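K.L.:
Here's the letter readout for the chains.
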Amino acid sequence: MTSVYDEIEIEDFTYDPITELFQYPCPCGDRFAIALDDLRDGEDIAVCPSCSLMVKVIFEVEDLDELIQ
Amino acid sequence: MPYNLLVCGSNGLYQLGLGNDDDHCELQLVDLPFVAHEKPKAFAFGASHTLVLFPNGKVFASGSNEFGQCGIAGAKILQTFCEIPGTWTDIAAGWEFSILKSNEGHFYSCGHGPKGELGLGEGVRVATEPTKIEFGSKLGSGVCKIQASMSHVVVQLHNGSLLGWGTCRKGQLGNVPTVLNSQGKPKPPMGLWEPTVLSYAPVIDCKVGRERTLLIREEGATTITECNDEDIATPMNGLLISPATSGIKFQCGWSSAHVLAYSQLYGFGKNLHGQVFQHDQFTGDVEDFEVGSEHGVLLAKDNTVYAWGWGEHGNCGPNHDDFKISKLYEGGNNKVVAMACGLATTWIITENQS
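Chains as they are written, first to last, in UniProt numbering: chain A, 1 to 69; chain B, 1 to 354.
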């Protein structure tokens with residue numbers, strides 16, 4: 001079991017179509033990030049590049065196409 | 001009286017205003033004009049930018065200015081504190097945006113608000129310099145104070161009613177009209193794009209934290225709280241027996257809320273990283289406290305500052321254990337007169353008594 005800081009619904013993430021990343025604020029000031037392709041593969045842990053915290057993404061794979069429009 | 005501003009914590013985009021981008025676990029002296037003669041009146045913290053307001057109306061900003069959130073068009077990063085043109089009476093900041101209240105009583109926003117955080121109207125996501133927010137006739141009884149959390153803004157009026165804008169999916173702006181999703185089902189909108197009268201009964205105080213709004217009211221001689229996170233308000237209400245006007249202080253972090261009552265501090269919320277103050281860690285009288293995103297500081301009666309919670313960026317001092325309270329600063333002849341906490345940053349103002 002990975003220890004996660006929080007569980008965040010995908011709707012609360014911001015999607016960047018250029019980098020194809022979903023991002024959500026980390027309390028350190030940087031952002032948790034997970035790639036669209038990783039979500040499609042069923043990955044659900046978004047990590048922060050500046051600290052040790054991570055969040056679990058709550059989502060359904062079939063909803064992703066609507067979210068990235 | 002000469003004042004000093006000390007700081008430690010997360011600093012990846014120069015948000016500590018020290019001229020370097022290293023995290024600091026030892027308190028550093030900030031070289032900020034005016035601080036020697038005037039005690040800062042307020043701080044506001046974004047993801048990676050910091051605003052400081054002085055009693056004379058000057059505001060200084062440091063850190064990320066990628067979208068103009070430091071209120072100064074031009075440089076993408078301010079490595080040290082720079083003055084925002086204008087004279088201001090109040091400040092607030094969220095993730096990548098800032099709100100400023102001018103001496104004339106007008107509100108301005110700047111920075112990035114992809115979900116309505118700027119309050120400048122439908123679809124306005126970026127303002128590279130302070131831009132006036134239009135309220136129409138909604139400011140009625142006049143503004144008491146303005147607060148911003150990560151992605152929502154709340155304005156409290158003198159009569160206790162509230163206006164708000166920004167993200168609202170979690171109920172942090174009360175009941176808002178639903179919109180239809182692609183299957184035609186109603187869902188909460190992503191955000192409110194302009195100042196909106198919130199559906200709450202009048203309050204005497206309110207606090208914001210990440211995706212949460214804590215409302216404080218008095219019923220008879222008792223304080224009651226309401227929050228869109230029931231894990232916060234329900235246990236807090238079990239504690240409060242005096243009217244809030246008797247000096248009870250509330251603060252919201254990202255995963256927690258705290259209340260200082262009867263010189264004792266109590267924390268509520270999620271404690272995965274020790275961010276909820278545990279009463280048995282410090283049993284002495286508490287003079288004051290502040291909380292940041294996931295940590296907090298308290299001032300003891302003996303002029304010592306203690307820190308608790310998530311301290312990965314040095315914001316709780318060196319050698320901090322998230323689940324133990326740490327002594328961060330011993331004042332000695334330097335009296336601690338104010339504290340502030342941002343996103344893994346800690347700020348202490350001292351006044352030299354010698």
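Hints are computed from structural coordinates only; laboratory data are not their basis.
These numbers come from a predicted model, not from an experiment.
Using N, Cα and C, we set each Cβ at its ideal position, and we do this for glycine too.
Be aware that a few hints might be false.
Here are the simulated lysine-lysine pairs, DSS-like style, with alpha carbons at most 25 Å apart [as the list claims (entries may be wrong)]:
1) Lys170(B) - Lys270(B)
2) Lys56(A) - Lys270(B)
3) Lys301(B) - Lys56(A)
4) Lys41(B) - Lys56(A)
5) Lys301(B) - Lys41(B)
Coverage of chain B stretches by chain A, computed from C-beta distances (three or more under 8 Å per stretch; other residues unrestricted) [unchecked claim]:
6) 219 to 230
7) 310 to 316
Short, incomplete list of chain B residues facing chain A, as computed with Cβ under 10 Å [said to hold, decoys possible]:
8) Leu29
9) Asp31
10) Arg169
11) Gly171
12) Ala344
K.L.:
Each hint needs a verdict: does it hold in this structure or not?
P.N.:
A quick look at each hint next to the structure:
1. Lys170(B) - Lys270(B): Since the Cα atoms of Lys170(B) and Lys270(B) sit roughly 17 Å apart, the hinted pair holds (cutoff 25 Å).
2. Lys56(A) - Lys270(B): Roughly 16 Å between the alpha carbons, so the hint for Lys56(A) and Lys270(B) holds.
3. Lys301(B) - Lys56(A): violated (41 Å)
4. Lys41(B) - Lys56(A): Violated, at roughly 38 Å.
5. Lys301(B) - Lys41(B): Answer holds: Lys301(B) to Lys41(B) is near 22 Å, not above 25 Å.
6. 219 to 230: Three-residue rule not met by the segment 219 to 230 of chain B, so violated; n is 0.
7. 310 to 316: This one holds; 3 residues, not fewer than the three required, reach chain A with a Cβ under 8 Å.
8. Leu29: violated (22 Å)
9. Asp31: Nearest chain A Cβ about 22 Å off; hint violated.
10. Arg169: OK, holds: Arg169(B) within 10 Å of chain A, min 7 Å.
11. Gly171: Violated, because the Cβ-Cβ distance from Gly171(B) to chain A comes to roughly 13 Å (cut-off 10 Å).
12. Ala344: holds (5 Å)
Going through the hint list in order, the structure does not satisfy hints 3, 4, 6, 8, 9, 11.
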